[in-house]
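Trainee: Residue numbers (our numbering), protein chains in the order written: chain A, 894 to 1045; chain B, 894 to 1045.
Keep in mind the hints are simulated off the structure, nothing from the lab. It is possible that some hints are incorrect.
Same chains, same label: a pair holds when it works inside one copy or across any pair of copies.
[Said to hold, decoys possible] The calculated lysine-lysine pairs, modelled on PhoX-like cross-linking and capped at a C-alpha distance of 25 Å, are:
| hint | residue 1 | residue 2 |
| --- | --- | --- |
| 1 | Lys1001 | Lys895 |
| 2 | Lys1003 | Lys951 |
| 3 | Lys960 | Lys923 |
| 4 | Lys1001 | Lys979 |
There are 2 protein chains.
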Amino acid sequence: MKDKYESIRLRNQLCFPLYAVSNMITRNYKPLLDELDLTYTQYIVMMILWEEEKVNEKLLCETLCLKSNTVTPLLKKLENKGYIKKSKDPEDERNLVITLTKTGEALKDKALEVPKGMACRINLSKEETATLYNILYKMLDEEQKEQRLIKC
Amino acid sequence: MKDKYESIRLRNQLCFPLYAVSNMITRNYKPLLDELDLTYTQYIVMMILWEEEKVNEKLLCETLCLKSNTVTPLLKKLENKGYIKKSKDPEDERNLVITLTKTGEALKDKALEVPKGMACRINLSKEETATLYNILYKMLDEEQKEQRLIKC
DNA sequence: TTGAATTATATCGCATGCGATATAATTTTG
DNA sequence: CAAAATTATATCGCATGCGATATAATTCAA
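Assemble the whole structure, with the sequences as input and the hints as a guide.
Mentor: Shown next as structure tokens:
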């Protein structure tokens, strides 16, 4: 390596484009999600609920790779907007069970506009998209594996 | 498409793994950057300064794809830590010129430990890394192109 | 079986990101 | 050349993310 400092050049980092693209995506979603009165993080929580009907907070945290200190206040906001309901699992009172309200359920159809609006904003080929998707999930899976190893 | 709602399933989003991996990367950097008393965003600012010697805020914002409302307070913190100095460009007093202090410059060698420490945390092949890098920069470049088009 | 460990949420403090807005310096324009 | 527009920073308010810590419910263990 010519320069001792090659490894700390911004252009040689993989982390930076990941970080910048992630910010970029969130920025691009904003105008579309404003229509639903959702932030990006609130949107991915709602996506899970539109699929699952009933989820507890722990599972939500694991699925989204977030900690409860991010998710708890976020759920409070979704509750205040009238999109979700919170209740305790009678089997184990520690578990928070989250379900959609009628309003939250109704939002599902409106949400179909979001991916439509985003489609034109990401100019990748089908193949590039698939490759990107697979590499990213590989990274997430590795991380999860690490987590499990650390627990042992 | 079988299900009308396929497009809003979390698993069918490209944005989500991007978002989750970006968070994951930042989490992984934290213990390494704590040694330098830097956050991740502060670290990428310092990387630019270690390369450039002298940068103004506008260029910094463009390079990092961030707005001044993120970068201005961040520079104040780096100044308080004694890593950078701020001055005005005499040619155009609007421009903020940022340079490293001796302490900031000295941190460069210590920073070489950071990519060393990260290497083992990303389990991608050379090829996967290159592919990921290229696709991400393609996305960033498209975005920049859009920006220019909008300006016209 | 009861005190200790574990687990699931919740709270606190700090550092981003960013839209909206304010301010100061420079450039454009009529 | 003076007012208007533009440009570069700065400030404000809100919504994350997360490490550290607190609290309540459950499980484990002596």
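Trainee: Hint by hint, which ones does the structure fall short of?
Mentor: 2
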